[in-house]
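Student: Protein chains in written order, with our numbering: chain A, 1 to 371; chain B, 1 to 371; chain C, 1 to 371; chain D, 1 to 371.
Hints may contain errors.
[Stated by the list, open to error] Once the Cα atoms are required to be at most 30 Å apart in a straight line, the calculated DSSO-like pairs of lysine-lysine come out as: (1) C:K352 with B:K161; (2) A:K171 with A:K264; (3) D:K286 with C:K286; (4) B:K241 with B:K143; (5) B:K143 with A:K25; (6) C:K352 with D:K25.
[As the list claims (entries may be wrong)] So these bits of chain B aren't anywhere near chain A, every CB distance computed over 10 Å: (7) D137; (8) K241; (9) H325; (10) L329.
[Stated by the list, open to error] Label pairs and their computed distance ranges (CB to CB): (11) A:Y348 with D:N202: 42 to 52 Å; (12) D:E258 with A:L307: 21 to 31 Å; (13) A:L307 with D:S83: 33 to 43 Å; (14) D:T319 with C:E258: 34 to 44 Å; (15) A:L307 with D:D165: 45 to 55 Å; (16) C:E191 with B:L33: 38 to 48 Å; (17) C:N240 with A:T296: 28 to 38 Å; (18) A:E172 with C:T86: 32 to 42 Å; (19) D:T319 with A:E337: 50 to 60 Å; (20) C:E191 with B:T227: 23 to 33 Å; (21) C:S350 with D:S292: 36 to 46 Å.
Note that these hints are calculated values from the structure, not bench results.
Glycine is no exception: its CB is placed at the ideal position from the N, C-alpha and C atoms.
4 protein chains.
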Amino acid sequence: MLLNRLSLLFIAFFITLSLNAQQRKEIQIPDILGYKTLKCDFHIHTVFSDGLVWPTVRVQEAWLEGLDAIAITDHIEYHPHSSDITADHNRSYEIAEPAADRSGIILVRGAEITRSMPPGHLNVLFIKNANLLEREDVIDALKEARDQGAFIFWNHPGWKKQQPDSTLWWKEHTYLLKNNLLHGIEIYNSEEFYPEALTWANEKNLTILGNSDIHAPIQIKYDLNDTHRPITLVFAKEKNKSSLKEALFDRRTAVYVENTLYGKADFLEPLFFASIHINTSPVQLKNQGVASILITNTSDLDFELELVQPAVGFGCPETIFLEAHHSTLVELTGNSEEVGQMKTLKMYYSVKNLFTAPDENLIVTLDINNL
Amino acid sequence: MLLNRLSLLFIAFFITLSLNAQQRKEIQIPDILGYKTLKCDFHIHTVFSDGLVWPTVRVQEAWLEGLDAIAITDHIEYHPHSSDITADHNRSYEIAEPAADRSGIILVRGAEITRSMPPGHLNVLFIKNANLLEREDVIDALKEARDQGAFIFWNHPGWKKQQPDSTLWWKEHTYLLKNNLLHGIEIYNSEEFYPEALTWANEKNLTILGNSDIHAPIQIKYDLNDTHRPITLVFAKEKNKSSLKEALFDRRTAVYVENTLYGKADFLEPLFFASIHINTSPVQLKNQGVASILITNTSDLDFELELVQPAVGFGCPETIFLEAHHSTLVELTGNSEEVGQMKTLKMYYSVKNLFTAPDENLIVTLDINNL
Amino acid sequence: MLLNRLSLLFIAFFITLSLNAQQRKEIQIPDILGYKTLKCDFHIHTVFSDGLVWPTVRVQEAWLEGLDAIAITDHIEYHPHSSDITADHNRSYEIAEPAADRSGIILVRGAEITRSMPPGHLNVLFIKNANLLEREDVIDALKEARDQGAFIFWNHPGWKKQQPDSTLWWKEHTYLLKNNLLHGIEIYNSEEFYPEALTWANEKNLTILGNSDIHAPIQIKYDLNDTHRPITLVFAKEKNKSSLKEALFDRRTAVYVENTLYGKADFLEPLFFASIHINTSPVQLKNQGVASILITNTSDLDFELELVQPAVGFGCPETIFLEAHHSTLVELTGNSEEVGQMKTLKMYYSVKNLFTAPDENLIVTLDINNL
Amino acid sequence: MLLNRLSLLFIAFFITLSLNAQQRKEIQIPDILGYKTLKCDFHIHTVFSDGLVWPTVRVQEAWLEGLDAIAITDHIEYHPHSSDITADHNRSYEIAEPAADRSGIILVRGAEITRSMPPGHLNVLFIKNANLLEREDVIDALKEARDQGAFIFWNHPGWKKQQPDSTLWWKEHTYLLKNNLLHGIEIYNSEEFYPEALTWANEKNLTILGNSDIHAPIQIKYDLNDTHRPITLVFAKEKNKSSLKEALFDRRTAVYVENTLYGKADFLEPLFFASIHINTSPVQLKNQGVASILITNTSDLDFELELVQPAVGFGCPETIFLEAHHSTLVELTGNSEEVGQMKTLKMYYSVKNLFTAPDENLIVTLDINNL
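Take these sequences, add in the hints, and give me the full structure.
Tutor: What follows is the structure in structure tokens.
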């Protein structure tokens, strides 16, 4: 009775937590190829496993940071708070769902199947009932997830606690891959990059992911004004759960960490060109002459360009720094008679913060019309 | 001889001052009504009158801050550095011009005619020869400027040094106005706002301007990362000098100071609506129901909205804060049976940081489709 | 068995939450009068009542922000998470205690007795067993707390949900005061200031407090790099729990909110003078002469000074802004023959951001030696 | 006449440039060994050679940034603005001097003797008359400076324009050194570090300097809120010109660039220990036990420590990051029976951002009392 009477008084506390009261930062990374570029984090914990916040907080954090989709992936096999928190494996999703609906965050039902290596930890997304994943045999758990329609990925494959000396692909992972029990792999988790995982993803055709694996409140690790958590970019036909799922199975992802992108050139190249705008008026470069072009970068990424080979007929900068939301003047200097006749001035640059493989940068061609 | 030999050595110093080496911040205020929104400062000094920097610095500062056009307006009658600097009144423009051409800044030739009140100080823009403005009689000087095609405006009309007790419009200003010797007025100069000037501009059909009147290096007063100088927004057909001049004579301006805009509703209303994006999917608001709309502000301005009158049929927030480059969730709550039948939900807000007159805010109507 | 085997693997998660991995910001507010100035928050919630974070998070947040002491004060009568969390009223303290010990945070055992008005909500600090506070009659609960040695204060006395139209002192509070059941009062809670409470505290000799009443992760509301939560400054003989308790009962507190301090002149005046350093070399001010003094502010507070009355014999600035961690040049100008003979130049300033009562600022006298 | 009448009007412009109107940031680097740690820049240009600001601006910039002393060192042999500015070599000092006196900045009269390599460019400080340095033969110019009592140093010895392929010490420099015509050397200029110069300084007993060589307004290159220009730290008996000069001749300097210090261990070690405070209460570390120590860094420098060799009897972190104005918890873990008997726990760390030679870091010993 007391609680009922009091509950009206306390509603006010929740109003102060309302999403209305805060502003959502919009992440400026453009849509490409007719797809929406969804900003996602698919590895998140709450007090319902070993995390330190209530599930609704994960929705609010994601909304404030400008994410489009998250998965709460509490551990199936690890519940250190179990003496205080008694609830089944579906509970964190159920608590967070109304907040997600209200704020337009796509909330994916997920879980982390948490075993020793091999096969280590695996996240399962788009499941229907997490309680059915509590199985003695890890293969049984993964098959149950697959039968529920799950997208399955290997978490932090190079985690030192499980692979202290080297980052290995085990025969068990080959088994999972062959049996449709493995679709993706984290190449980045929290503050660790796993170059081997990026190589495997390229070789074995796995979806790449980069996630926060956050346990604490997100802003203790990532100050909203300075930085962002590791994000999986998903190129989806629409901003909804089914398009997101389709895109993940179709390997349309890139990984966004600090100021770096990892992914296939198929996605990174259009992302680069959709992020910058080259002043369109043609130049008139002649021998001994100078022409300036203005390049405006409308994205949140700073691009660091390095000349791959000397331009033919004219000089151009060895390096170009395209700061986020800024413009840069680039000067070309004619150094041959031929340049006066060239219709297009071509420059080849390596983008040092866009990676298509562990040691391979995206190469872009800048074409400037010359009258 | 010595200088000639040495000059090759010293070219390196100028390279470090090159505009290439720095990034231009892009000011995010949208184009409207088919016009380009040019960001301008028409009141600037250099060492050639009583300023403290070399003319080229003014171009570099403007470029870095994201301005499109500036006028260097050194005093005709005041040259405190004349024992060290001997040059005619055209010299500061001539020195700055090559830097402006190279970086794409529109540099307007100007000067400040500097007299006691009345008529006080007046800036003349788009002149051809500043030396001819050195005349005993201020009217002669202004007529010379007019004959050169100048756009003429009254500077800091409420400056305490010249109008200590009140801000008055003198009969001399009426004379100037009637004789085509006065076209605009500063409503904002440095850190001072002159509300009377805004009222006069509305009554007498004068172009409004807001300028820095900067003497020191600009970043000593305005930290590039935090704030910006007072800016005159000019709505011009093209980004070039003749369109700029046409727009000034045609009174297509607004004044942008800190987080505030001053101007006619004709310009401020489209600026507001071009700055925000309201989530387009229609809502389904019913009695006792709740509907959320997401408003994204893509401009550099924070908008502060205050409800003018209660909405009919539903509740909406008393205040809405639309932070720059952020999104805000706005919740509507049905409080009548009628709301279920309304095709459009209308809300009337006053925008507290957009002013059409000293005590008048822009009123905007937010229309939301309701299914 | 599975959990036991796995537990070694999971220890790594907690390492990432380790206090070692983060830096503690040191709040620069000086010690005074031989006391340590402890920075405290005595009103904090966790998931064990209606908060949204695990108790250890509260310790980590306090440590990072530079606090010295906190009290976790979960509601006795309100447990909205009770279907998921089953624990007694002592549990949040017990969970947080080891983290507090390890990091040197003084953790005060507390609780919030949560009733309708009168008497509203009251926090009890330094209790021994929170479970004994679950009593039908609020007076019984408070007596139990008092018998455990509690320091008791009235929370958010002007909270609109409980006092919608006015902020009243009820006869019930007089009863509490007379029966040693009320020792302090929040003059600031979350983002609300209660001027009446400051007046009552001055009249009735109550300890003043300012607390966060935080439910969400602290950094969602207070960005560590920009701002701080409301803080109760406690002037304690030592940095330990018993000195803290003694100081609270002895009313040695001030309240620190944004850039404002509230408190008695007995504490604010020494705080002001311990925060600034006036260049000690004496000036030689004569009639028509000018003397500069440099004032350095080593605290985190910006001080805003306003002249109370003209200085005798010389002129000094109407306002002085002493920015945190910056120095300011103040110019004095002799305007009488007498000034040459004055041994001390006296200036009287009101400190606009230091309040001794709702409408009363601290007045300080600046003395400058004159040769 | 006109100018006289007008001059009263214009005084107002200068008030807005007044040092009063701005706050001086205090650089937090402690005094050591009984010396004052003066923050200095001895290589600065104005419009009177090839710089871009008026001399008084250099004083204001220095004051705002927290410097104690500067030298304006306009080129003797290079005057690209000479068609507009006609003044002798002493003029920039004379113009800046009153502003320096008023604000307490020590202004050193200097000049840059500007020749091709060898000997390249040399700055002369504490001269009496710069005009006498205009000599055909560079040796004559330097002898004149020496006879005026100058402190002479070699500027940017590895400047690519003069030493494109390697950084060499020429026989001419040996001549200068032997003839008391060379006392110091820039190891850092603008954004270039010259490791060879640091080695030469150590070998040949030269004073090291790091200077800005600034031509543009300082804040175009160095944002006051984020960073600082290269600074020469001078350890002087008093804050005055003669102590400064004595300290330079006595080689009591270090160089402060971004987050790095270069200098002799004699100065860097006391600087490090004066910057940090180790929680003094002794620990009680035993085998298998854990002890925490709190290290507070009160300086503006972040210190990055790396363990040089394992501690005997206990474990300590491989790396410690001591953030500026923050505290860090360091955990020691007993791993031997002996540790219980040790009176002092010794740890040896290399400070990765303090350099005593190009490839040598300062090594510090942290001693903790153990009960």
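Student: Does 50 to 60 Å hold as the CB distance between D:T319 and A:E337, or does it fail?
Tutor: At 58 Å between Cβs, range holds.
Student: Minimum C-beta separation from B:L329 to chain A exceeding 10 Å: can you confirm that?
Tutor: violated (5 Å)
Student: Would you say the C-beta atoms of A:Y348 and D:N202 sit inside 42 to 52 Å of each other?
Tutor: About 44 Å separates the Cβ atoms of A:Y348 and D:N202, which means 42 to 52 Å holds.
Student: May I ask you to test the hint 33 to 43 Å on the CB atoms belonging to A:L307 and D:S83?
Tutor: The hint (33 to 43 Å, Cβ to Cβ) holds, given that A:L307 and D:S83 are roughly 38 Å apart.
Student: Is the distance from the Cβ of A:L307 to the Cβ of D:D165 consistent with 45 to 55 Å?
Tutor: violated (22 Å)
Student: Holds or violated: B:K143 and A:K25, Cα atoms, limit 30 Å.
Tutor: violated (53 Å)
Student: With the threshold set at 30 Å, check whether the alpha-carbon distance from A:K171 to A:K264 stays at or below it.
Tutor: holds (26 Å)
Student: Would B:D137 pass as off the interface with chain A, using Cβ distances and a cut of 10 Å?
Tutor: Per Cβ check, B:D137 is outside 10 Å of chain A; nearest 44 Å; holds.
Student: With a cut-off of 30 Å on the C-alpha distance, tell me whether C:K352 and D:K25 pass.
Tutor: Roughly 22 Å separates the two Cα atoms, so the pair holds.
Student: Is the straight-line distance between the alpha-carbon of D:K286 and that of C:K286 30 Å or less?
Tutor: Violated, because 68 Å separates the two Cα atoms, which is more than 30 Å.
Student: Honestly, do A:E172 and C:T86 meet the 32 to 42 Å range at C-beta?
Tutor: Since A:E172 and C:T86 have Cβ atoms about 39 Å apart, the given range 32 to 42 Å holds.
Student: May I ask you to test the hint 34 to 44 Å on the CB atoms belonging to D:T319 and C:E258?
Tutor: holds (36 Å)
This entry does not satisfy hints 3, 5, 9, 10, 15 and 17, going by the numbered hints stated previously.
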